[in-house]
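Quick note, the sequences are listed as chains A and B, same order. Count the first sequence with this note's numbering and you get residues 1 to 321, in order. Count the second sequence with this note's numbering and you get residues 1 to 486, in order.
Don't take every hint at face value.
Claimed, not checked - List time: in silico DMTMM-like cross-link candidates among lysine to aspartate or glutamate, alpha-carbon distance up to 25 Å:
1. LYS432/B x GLU326/B
2. LYS68/A x GLU185/B
3. LYS77/A x GLU281/B
4. LYS189/B x ASP198/A
5. LYS189/B x GLU185/A
6. LYS288/A x GLU185/B
7. LYS222/B x GLU187/B
8. LYS15/A x GLU281/B
9. LYS462/B x ASP235/A
10. LYS8/A x GLU379/B
11. LYS129/A x ASP384/B
12. LYS183/B x ASP235/A
13. LYS129/A x ASP250/B
14. LYS12/A x GLU326/B
15. LYS191/B x GLU193/A
16. LYS222/B x GLU185/A
17. LYS15/A x GLU326/B
18. LYS124/A x ASP220/B
19. LYS283/B x ASP63/A
20. LYS283/B x GLU14/A
21. LYS283/B x GLU187/B
No lab work stands behind these hints, which were simulated from the structure alone. Since the structure is predicted, the reported quantities are computational estimates derived from the model, not experimental observations.
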Amino acid sequence: MAKTAQEKLDEKREKEYKKTHKKIYRTKPGDVVFNVLNYLFFILFTIICIFPFYYLFINTISDNGLVKRGLINFYPKGLNIDNYLALKGVNDLGYAFIVTITRTVLATALMVVASAFVGYLVTKQEMWKRSFWYRFLVITMYFNAGLIPWYLNFAMLGLTNKYSAYILPAIVAPYNIILVKTYIESIPAELEESAFIDGASHLTVFRKLIFPLSKPILATVAIFGAVGNWNSFQDSLILMQNNSQLFTLQHRLYIYLNQSSNLGAVMSMGGAAAAAAMEQALNAKVIKYTISMVSIIPILLVYPFMMRYFEEGIMLGAVKG
Amino acid sequence: MKEEKTEVKGALGNVYIVQRIATLVAVVAMFFPAFNPAKVCELVNENLSLFTSAISYSSLTSDCARAFRVGWIDESVFILLFVASIIMLLGIILAIAGGCMSVGNNKMQKTGLLFSIGGALLIIIGAVLCIAGYTMAQGAAKVERVKPEFPSAIIIYIVVSAVILLLSAFLYIKLPKPAKDAKFEIESKYKLFLMFMPFAALAFVFCYLPLWGWRYAFFDYKAGSTLSMDNFVGFKWFAYLFQNAATRADIVRVIKNTLAMSALNICTSWLPMMFAIFLCEVKNMRFRRFVQTFTTIPNFISWILVYAIALAVFSTDGFINTFAKEFHLMSEEATGHNYLMGDSFTWVKMWLWGTWKGVGWSAIIYIAGISGIDQQLYEAAEIDGAGRFQRMWHITVPGLLPTFFVLLLMSIANILTNGLDQYLVFMNAQNKKTIEVLDLYVYQLGISGGSIPLSTVIGMFKSVISVVLLFAANGVSKKLRGESII
């Protein structure tokens, strides 16, 4: 809905723009130069942004022999998906996947429902000490006790090395609550009032009216939350120190990346040992690429469809006031 | 749960407040390992709260495998403790229910008081069972290994629940009997609050409770030990920070890195605005959306993945080197250059990565701002003969300045916070000196190095300064623009 509206608006603007600007711009040579340079810059920058992803990808689907010789630079050769199949054999990756996927789904779902519900509650003027409690939530965005007290807190609560440490802290997300609240406030109050007159309770109004009506913003919040959870690394790194089965995908990837044997050092060893180490290092390189790719792909897949939600989110956040 | 009641007034209302506070104490204490009544001997982990003891038998007995096997102590003691914990947990839950119901109407309150009484009784029963567990532990086969100790928390719980019990009974007698046909009702404002309460509790536990960890700054604490008055050192670590030459040198270096990288970011914070302005000069909408879509992608991948990409492109066998070899800019046999190692230009490199990751995304807000500018302004300027750059400078830029200003103030308020991930992943032996920012330093000192008190002190300074800066920025914003940014 919003997308088509946006596109329509874009088209309309474009037409208007052309109508008013065409004559003037076509005639000036300076504008041609400007446009060429401008387009060139953006093309170049876009390439810089996406080429690394493309480079990773073609290296994972090409013939490993060629990759090792560094011959895959611009297009894939010897297409195969063996590297992706080989991931089955990589230690602990399965756990990391399960942990990351389940935590992303669980934490995001809970966060979305909680944000919607709390967002709805804080719009209710009659709530006992509403503005105090709203501030109580919002203030947490601007202040934190620091990394070490944060960690000690989890230790004190007995949540270190526990799966629930991924889920529980993610439920209340102040920024998302603000987004939802702003959105709910824009829903005409008459809708709710008529439901209350018909005798509906707060819970019913929330379930049957507010929740369905705020789906667009909830989608935005869900996407933000899901990306955040998928990318989360710090909690795994600090809270799960003694339970490697609960490491997230990003944490695993970090470990693999750091295992990289320094190639320069390997080569200076010389002889058969160097050759073997080299072989191993290069295989490791492709495997690393593949794991990276696997962690990026979900985001890349989701991304183009979700672009508008991201934009809506940043816009709503800007007007929060 | 300690809110005022509108229906029960005067002395009875005060009694209610005391009863609710007592309930709250019991609830909060449940989550603190220091107040675990089940910790009757050394074998119970000291980081275990009553709540954890009640929901997980395996946590309760986590340190006991050997003790059970060798027969120092009979497992029945722990089963008893587990049952006692569960009973206390149930009692506390009942007391919570009673406390919540106390904001309702008369009928609700009467029933709620019964809940509170029942809950208090259960807590006392649980506490007595814990005492029994303690006595049993004293009779263990190898007392010197088991080291029984009487948990003072038992006394606390008994006192608190006795208070709840007595007050609830008193209120129950004093409150008038509800009418036969009365219904359970809670006023709408309290109902809303009760629904909100669980979330407030979560926010409290994960955002406010960490402040309690600041007490570690005043103790001589080593990971794994306990806090007690014996290792209380007052402001020793605060002084240490300034007196110890090595630490002081470290701090100066780290602050320099932090400020330099923040300054680079702040000085170039107009880049996204420029990006947006020039992108909006592109008249082909399809191309614009294409650029916008692809330049924002890097914002959504984690720093670990950015590092993975950095390795793929800049490491010894990465794209730059293989590219150079393929096109014979470098001999086939030469060892590639690893651009990620080395400590030259670390600040600029980090800034470049941050810009690569963030500029497209940060531009979105400005792009939206540009589409909000009145088109008539441009037309009028054009008629007046303003060129492209004049229009940009005199119309677009002033239109975007308020947004820019807010973001600038926010980044100044966050000058000490660069985040941990980026610097952690890009750190290596060679660039450690120039890449360590405050967040990374605290992480390394506290988590990797185990200097919990010192890193807590540094974190405290950072938090306080950040808040002061935020309020200062807010004050500036209020003064200059009449608008608050927080």
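To see whether the hints hold, each was checked on the structure:
{"no.": "1", "hint": "LYS432/B x GLU326/B", "verdict": "33 Å, violated"}
{"no.": "2", "hint": "LYS68/A x GLU185/B", "verdict": "74 Å, violated"}
{"no.": "3", "hint": "LYS77/A x GLU281/B", "verdict": "39 Å, violated"}
{"no.": "4", "hint": "LYS189/B x ASP198/A", "verdict": "19 Å, holds"}
{"no.": "5", "hint": "LYS189/B x GLU185/A", "verdict": "18 Å, holds"}
{"no.": "6", "hint": "LYS288/A x GLU185/B", "verdict": "61 Å, violated"}
{"no.": "7", "hint": "LYS222/B x GLU187/B", "verdict": "50 Å, violated"}
{"no.": "8", "hint": "LYS15/A x GLU281/B", "verdict": "14 Å, holds"}
{"no.": "9", "hint": "LYS462/B x ASP235/A", "verdict": "20 Å, holds"}
{"no.": "10", "hint": "LYS8/A x GLU379/B", "verdict": "22 Å, holds"}
{"no.": "11", "hint": "LYS129/A x ASP384/B", "verdict": "56 Å, violated"}
{"no.": "12", "hint": "LYS183/B x ASP235/A", "verdict": "47 Å, violated"}
{"no.": "13", "hint": "LYS129/A x ASP250/B", "verdict": "46 Å, violated"}
{"no.": "14", "hint": "LYS12/A x GLU326/B", "verdict": "48 Å, violated"}
{"no.": "15", "hint": "LYS191/B x GLU193/A", "verdict": "18 Å, holds"}
{"no.": "16", "hint": "LYS222/B x GLU185/A", "verdict": "50 Å, violated"}
{"no.": "17", "hint": "LYS15/A x GLU326/B", "verdict": "47 Å, violated"}
{"no.": "18", "hint": "LYS124/A x ASP220/B", "verdict": "48 Å, violated"}
{"no.": "19", "hint": "LYS283/B x ASP63/A", "verdict": "42 Å, violated"}
{"no.": "20", "hint": "LYS283/B x GLU14/A", "verdict": "7 Å, holds"}
{"no.": "21", "hint": "LYS283/B x GLU187/B", "verdict": "58 Å, violated"}
Hint violations for this structure: numbers 1, 2, 3, 6, 7, 11, 12, 13, 14, 16, 17, 18, 19 and 21, all remaining hints satisfied.
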